[in-house]
Amino acid sequence: MHKVKNSSLLILASASPRRKELLSNTGMQFAIICSQLDEESIQADTPENLATAIASAKAREVSALYPENWVLAADTLVVKGNNILGKPGKASEAASMLRMLSGCTHQVITGVCLMNRLKEKTISYAVTTDVVFKQLSDREISWYTADSEPYDKAGGYAIQGLAAHFIRSIKGSYTNVVGLPICEVMETLAQEGISPEYQD
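Quick note on numbering: numbering that gives the first Met the number 0 labels position 147 of the sequence shown as 146, and the sequence is numbered without any gaps.
Heads up, some of the hints might be wrong.
Stated by the list, open to error - Here are the in silico distance ranges between beta carbons for each label pair:
# : residue 1 : residue 2 : range
1 : 136       : 194       : 18 to 28 angstroms
2 : 173       : 43        : 40 to 50 angstroms
3 : 129       : 151       : 17 to 27 angstroms
4 : 194       : 67        : 12 to 22 angstroms
5 : 67        : 102       : 46 to 56 angstroms
6 : 82        : 6         : 38 to 48 angstroms
7 : 20        : 124       : 17 to 27 angstroms
8 : 39        : 138       : 19 to 29 angstroms
9 : 85        : 7         : 29 to 39 angstroms
Stated by the list, open to error - Distance condition first, Cα-Cα at most 20 angstroms in a straight line; then the derived SDA-like pairs of lysine to any residue:
#  : residue 1 : residue 2
10 : 79        : 46
11 : 120       : 183
12 : 89        : 46
13 : 118       : 190
14 : 86        : 47
15 : 86        : 120
16 : 86        : 16
17 : 133       : 166
18 : 79        : 133
19 : 133       : 88
20 : 86        : 161
21 : 89        : 183
22 : 79        : 135
Keep in mind that the hints were calculated from the coordinates and are not lab data. Don't be surprised by glycine CBs; every beta carbon is placed ideally from N, CA and C.
With the sequences and hints as input, model every part of the structure.
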């Protein structure tokens, strides 16, 4: 893990390449320090509270190391009914998830936490997007699960990838489904005086 020497630099507490890309595309300057949190140890009464609790725990872990920096953390859950769909470990698990989502509406919930330990300030919330899948054929499911794409994605699919044509519609933030509700995040950062250094 590399050290962050600039106490004014925003820290993204995530290893997700999708979150890194979304935040980079805003022009924001930031460092990446990954949390080592055991997410399975976190429990909550609702998916929204769970996503927020995990994001907050990630932020706390990194903030303990960098108390002067603002730390941004997030956690994304895919929810179908009473089921929270994690990252599939094998093709049969990915196929089962896709069959569950096929032809139905599900929710993608991202918990966000922005924390500064020195200032004793924490802002946390959850953003929900409704996603509607078309009816998937067995051939489509077999084709998709033969690729590597589903296996590091909650719910077993990537809306920005090969699964884009599975999506009939969404209601809410698209980037939330990718992994970070970037409009809401940028508004939160701006409220704390954190903004990109745009070049004139």
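Right, here's what the structure says about each hint:
no. : hint                             : verdict
1   : 136 with 194: 18 to 28 angstroms : violated, 46 angstroms
2   : 173 with 43: 40 to 50 angstroms  : violated, 25 angstroms
3   : 129 with 151: 17 to 27 angstroms : holds, 23 angstroms
4   : 194 with 67: 12 to 22 angstroms  : holds, 18 angstroms
5   : 67 with 102: 46 to 56 angstroms  : holds, 50 angstroms
6   : 82 with 6: 38 to 48 angstroms    : holds, 42 angstroms
7   : 20 with 124: 17 to 27 angstroms  : holds, 22 angstroms
8   : 39 with 138: 19 to 29 angstroms  : violated, 34 angstroms
9   : 85 with 7: 29 to 39 angstroms    : holds, 36 angstroms
10  : 79 with 46                       : holds, 11 angstroms
11  : 120 with 183                     : holds, 18 angstroms
12  : 89 with 46                       : violated, 24 angstroms
13  : 118 with 190                     : holds, 14 angstroms
14  : 86 with 47                       : holds, 18 angstroms
15  : 86 with 120                      : violated, 32 angstroms
16  : 86 with 16                       : holds, 15 angstroms
17  : 133 with 166                     : holds, 6 angstroms
18  : 79 with 133                      : holds, 15 angstroms
19  : 133 with 88                      : violated, 24 angstroms
20  : 86 with 161                      : holds, 16 angstroms
21  : 89 with 183                      : violated, 33 angstroms
22  : 79 with 135                      : holds, 16 angstroms
Hint compliance for this structure: hints 1, 2, 8, 12, 15, 19, 21 are not met, and every other hint is.
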